[in-house]
Amino acid sequence: MPAESKKRIIMRDLVRNRYIYLMLVPVIVYYAIFHYGPMYGLLIAFKDYGIADGVWESPWVGFTHFKNFFENPYFWRLLRNTLMISIYELLFAFPAPIILALLLNEIRLVIFKRVVQTISYLPHFISIVVVAGMLVDFAARDGLVNNMLGFFGYEPIAFLQEPGWFRSIYVSSGIWQGIGWGSIIYLAAMSSIDPTLYDAARIDGAGRWKQTLHITIPGIMPTIVILFILNIGSMLSVGSEKIILLYNPLTYETADVISTYVYRKGILGADFGYSAAVGLFNSVISFILLILANTISKRVSEHRLW
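Position in the sequence shown (first residue = 1) + 27 = my numbering.
Just so you know, these hints were derived from the structure itself, not from any lab.
Check each hint, because a few of them may be wrong.
[What the hints assert, rightly or not] Derived Cβ-Cβ restraints for the label pairs, each shown as a range:
# : residue 1 : residue 2 : range
1 : 98        : 182       : 41 to 51 Å
2 : 42        : 235       : 24 to 34 Å
3 : 164       : 60        : 37 to 47 Å
4 : 266       : 177       : 29 to 39 Å
5 : 249       : 77        : 27 to 37 Å
6 : 111       : 161       : 46 to 56 Å
7 : 232       : 51        : 46 to 56 Å
8 : 51        : 175       : 48 to 58 Å
9 : 160       : 236       : 39 to 49 Å
Glycine residues also receive a C-beta, built at the ideal position from the N, C-alpha and C atoms.
Please put together the full structure from these sequences, using the hints given.
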């Protein structure tokens, strides 16, 4: 098609749908100001940043901050903890909403189904600060969990002071808080499955388990794959808020992750250039993981992000 014809078609489309395109303006302005605009601040990862000099006047130091981070004695501990928590979340937290959605889909009593859904959604709306406070109280030596263990004759355990318990507490509390909310997406995907497939399966003698195995799970597989790829892309972006509220120097061995290290160096230590370099390293690795996961999915299945 000639270039002139393309321009005419684009202009005609812009004029015809001008009000729809105008609705995009606030979104574009929002992302330009609050998401892409601040990215110029990444320059301080390559500078010896000083507040008095500002971003542009601070002297360049190249990859010095990155080199210092890789040579940091805590580098491997931070990377190991970040990956371990992310892998635990992929193994246990990611499938949990899928299993709950499959179970809810099998409930035929509508009132009971609604009650279960409402109860499972509620933890999502509780603040991280409140959740952390509840965990501290429940896991204390004189808390609910230790009282229950004592009832069965077990000695009390200082859960939040022993490194071996931190990952289990972090991941299990995340499952409790997000399982109901995460199941909404899968229930929505299940609602789009053609009901005649279930009718045909029943005529062929398939029970509930076989219907789930051969119709429901394949029906929501594209959604599962897309969300799994997105989770792979955020493997190194373990949220720091709950960890900061729960960890202490006694549990740094298993609880200290890259994002909490960035918080300590950047906010508490005012080493902005170094913390920006660590954060940039984290983002680049996450982006590479996202590309790899999408490429592998593209080669082994028909589902991918792009």
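For each hint, the structure was consulted:
no.	hint	in the structure
1	98 x 182: 41 to 51 Å	42 Å, holds
2	42 x 235: 24 to 34 Å	55 Å, violated
3	164 x 60: 37 to 47 Å	41 Å, holds
4	266 x 177: 29 to 39 Å	32 Å, holds
5	249 x 77: 27 to 37 Å	50 Å, violated
6	111 x 161: 46 to 56 Å	24 Å, violated
7	232 x 51: 46 to 56 Å	52 Å, holds
8	51 x 175: 48 to 58 Å	55 Å, holds
9	160 x 236: 39 to 49 Å	41 Å, holds
Checked against the numbered hints above, the structure breaks hints 2, 5 and 6 and satisfies the rest.
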